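**Q** Sequence:
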Amino acid sequence: MKTIQKLTALLVIALFVLTIVPMALAEDVDDSDDETEIEETEVEEEDRRKRPQFDRVKYKKRMKDARAEFKENRAKVREHVKMSKERLQEARMKFKEHKDSLLELRGKVTRCEGDDCTEKRRALRKGVNAHLEKITTVITNHLEKLENKVLDSNVENKDDMIAKIDELKADVASKAEEVASLTADTPKEDVRALLKEVKALWKDVRQTHKRITGALLNDKGGKLAGKHNGLLRSMEARIAAAAKRGHDTAALEEIKDRFEVHRDDVKAAHDAAKAAWKEEGDNDAWKAAQQEFREELKESKEILREFVAAFKDLRSDSDDVEEAEDTESESETTSEE
4 MKTIQKLTAL
14 LVIALFVLTI
24 VPMALAEDVD
34 DSDDETEIEE
44 TEVEEEDRRK
54 RPQFDRVKYK
64 KRMKDARAEF
74 KENRAKVREH
84 VKMSKERLQE
94 ARMKFKEHKD
104 SLLELRGKVT
114 RCEGDDCTEK
124 RRALRKGVNA
134 HLEKITTVIT
144 NHLEKLENKV
154 LDSNVENKDD
164 MIAKIDELKA
174 DVASKAEEVA
184 SLTADTPKED
194 VRALLKEVKA
204 LWKDVRQTHK
214 RITGALLNDK
224 GGKLAGKHNG
234 LLRSMEARIA
244 AAAKRGHDTA
254 ALEEIKDRFE
264 VHRDDVKAAH
274 DAAKAAWKEE
284 GDNDAWKAAQ
294 QEFREELKES
304 KEILREFVAA
314 FKDLRSDSDD
324 VEEAEDTESE
334 SETTSEE
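For this note's numbering, add 3 to where a residue sits in the sequence shown, where the first one is 1.
Keep in mind the hints are simulated off the structure, nothing from the lab.
No experiment lies behind these values; they were computed from the predicted model shown.
Just so you know, even glycine gets a beta-carbon here, dropped at the ideal spot from N, CA and C.
Where hints are given, some of them may not hold.
[Claimed, not checked] The list that follows gives simulated cross-link-like pairs (lysine-lysine, BS3-like), each with its CA atoms no further than 30 Å apart:
#	residue 1	residue 2
1	Lys-230	Lys-199
2	Lys-191	Lys-259
3	Lys-178	Lys-167
4	Lys-137	Lys-213
5	Lys-191	Lys-206
6	Lys-202	Lys-148
7	Lys-129	Lys-148
8	Lys-304	Lys-230
9	Lys-270	Lys-315
[What the hints assert, rightly or not] Per label pair, the in silico range of CB-to-CB distance:
#	residue 1	residue 2	range
10	Leu-154	Ala-288	24 to 30 Å
11	Ala-278	Ala-133	39 to 45 Å
12	Glu-192	Leu-154	39 to 45 Å
Working from the sequences, and respecting the hints, build out all of it.
**A** Okay, structure coming up:
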């Protein structure tokens with residue numbers, strides 16, 4: 004009997020233990036989950052604290068510095084090109100003056116009689132020699148101006164262009180040495196032969212100038228035309244931001260749609276200019292196509308300014324103003340590059 008009672012007591016205790024242990028384990032699991040959630044929350048908070056926050060003041064300063072640097076670099080390039088143009092213009096003026104003087108000397112030789120003709124012919128020979136020197140000077144300045152344009156560009160085949168220009172500069176320097184060795188007693192046949200060679204070199208330089216200048220303009224034009232895609236996306240982003248703030252974006256949508264159509268016109272104008280450049284000897288058509296492309300870019304600038312003005316009219320906080328200013332900066336870069 005006692006044995007049975009003991010067994011019964013043990014069974015009761017066992018049942019009690021089996022009931023209590025799962026409950027305890029469940030509580031431990033719940034506590035563990037709570038601790039895990041707390042730890043994850045703390046980690047997220049720590050990550051947020053460590054994550055760099057958007058600093059609007061620094062952002063505006065970076066934008067301002069970038070615009071200032073762009074304007075400074077653009078001013079330096081323009082000054083560099085201006086100096087090259089001035090040197091070339093000065094050389095051309097001297098060349099024309101000397102050419103007029105040479106024509107006058109030829110007239111005197113034609114009208115001269117007797118012993119006086121010998122001296123006039125010598126003076127004419129000196130004038131021809133000096134004229135050749137002026138030609139080589141003009142060619143050299145022309146090549147330097149072209150070289151500066153290439154160096155200031157970001158065209159892909161810049162090295163090939165510079166190599167061709169250096170080759171021509173070496174040829175001009177060689178001819179300049181031959182011209183410098185001429186005297187009043189140099190046979191006129193030799194002078195004529197050298198003059199013919201210099202003229203042929205000048206023709207080669209002009210053709211090279213057209214090819215390289217056209218390539219530079221096509222490269223720059225292609226980049227400007229391509230920027231219209233980015234500007235269109237920028238417009239769409241600002242329209243979406245304005246709509247999110249509850250603004251009526253109908254006017255912005257209309258301007259954006261016009262710009263999208265105009266983007267295709269810009270590309271077509273650039274393609275036409277590129278095709279005209281490839282046509283040998285048709286310089287007038289190429290210039291006309293380039294002018295048409297420039298007019299399309301001016302229209303781009305006007306549409307962008309219209310968009311910026313309309314966007315600013317919707318501003319309700321500083322964010323809108325800053326976004327509009329960024330778009331205006333992009334439009335200035337596109338039109339002035």
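**Q** Under the criterion that the straight-line Cα-Cα distance not exceed 30 Å, is the pair Lys-270, Lys-315 satisfied?
**A** Distance ~28 Å between Lys-270 and Lys-315 Cα, so the pair holds.
**Q** Run the distance test for Lys-191 versus Lys-259: straight-line Cα separation, threshold 30 Å.
**A** Violated. Lys-191 to Lys-259 sits at ~69 Å, over the 30 Å cutoff.
**Q** Between Leu-154 and Ala-288, does the C-beta distance stay in 24 to 30 Å?
**A** Hint holds: Cβ distance 29 Å, inside 24 to 30 Å.
**Q** Please work out if Lys-137 and Lys-213 have their alpha carbons no farther apart than 30 Å.
**A** It holds: about 22 Å lies between the C-alpha atoms, which stays within 30 Å.
**Q** Given the hinted pair Lys-230 and Lys-199, is their alpha-carbon gap at most 30 Å?
**A** 47 Å, violated
**Q** Does Lys-148 sit within 30 Å of Lys-202, going by the straight-line distance between their CA atoms?
**A** 19 Å, holds
**Q** Within 30 Å, alpha carbon to alpha carbon, are Lys-191 and Lys-206?
**A** 22 Å, holds
**Q** Is it true that the CA of Lys-129 sits at most 30 Å from the CA of Lys-148?
**A** 29 Å, holds
**Q** Run the distance test for Lys-178 versus Lys-167: straight-line Cα separation, threshold 30 Å.
**A** 17 Å, holds
**Q** I want to verify a distance hint. Is the separation of the beta carbons of Glu-192 and Leu-154 within 39 to 45 Å?
**A** Since Glu-192 and Leu-154 have Cβ atoms about 41 Å apart, the given range 39 to 45 Å holds.
**Q** Measure nothing beyond the straight line between the CA atoms of Lys-304 and Lys-230; if it is 30 Å or shorter, mark the hint as holding.
**A** Cα-Cα ~12 Å, so holds.
**Q** Cβ-Cβ distance between Ala-278 and Ala-133: within 39 to 45 Å?
**A** 43 Å, holds
Going through the hint list in order, the structure does not satisfy hints 1 and 2.
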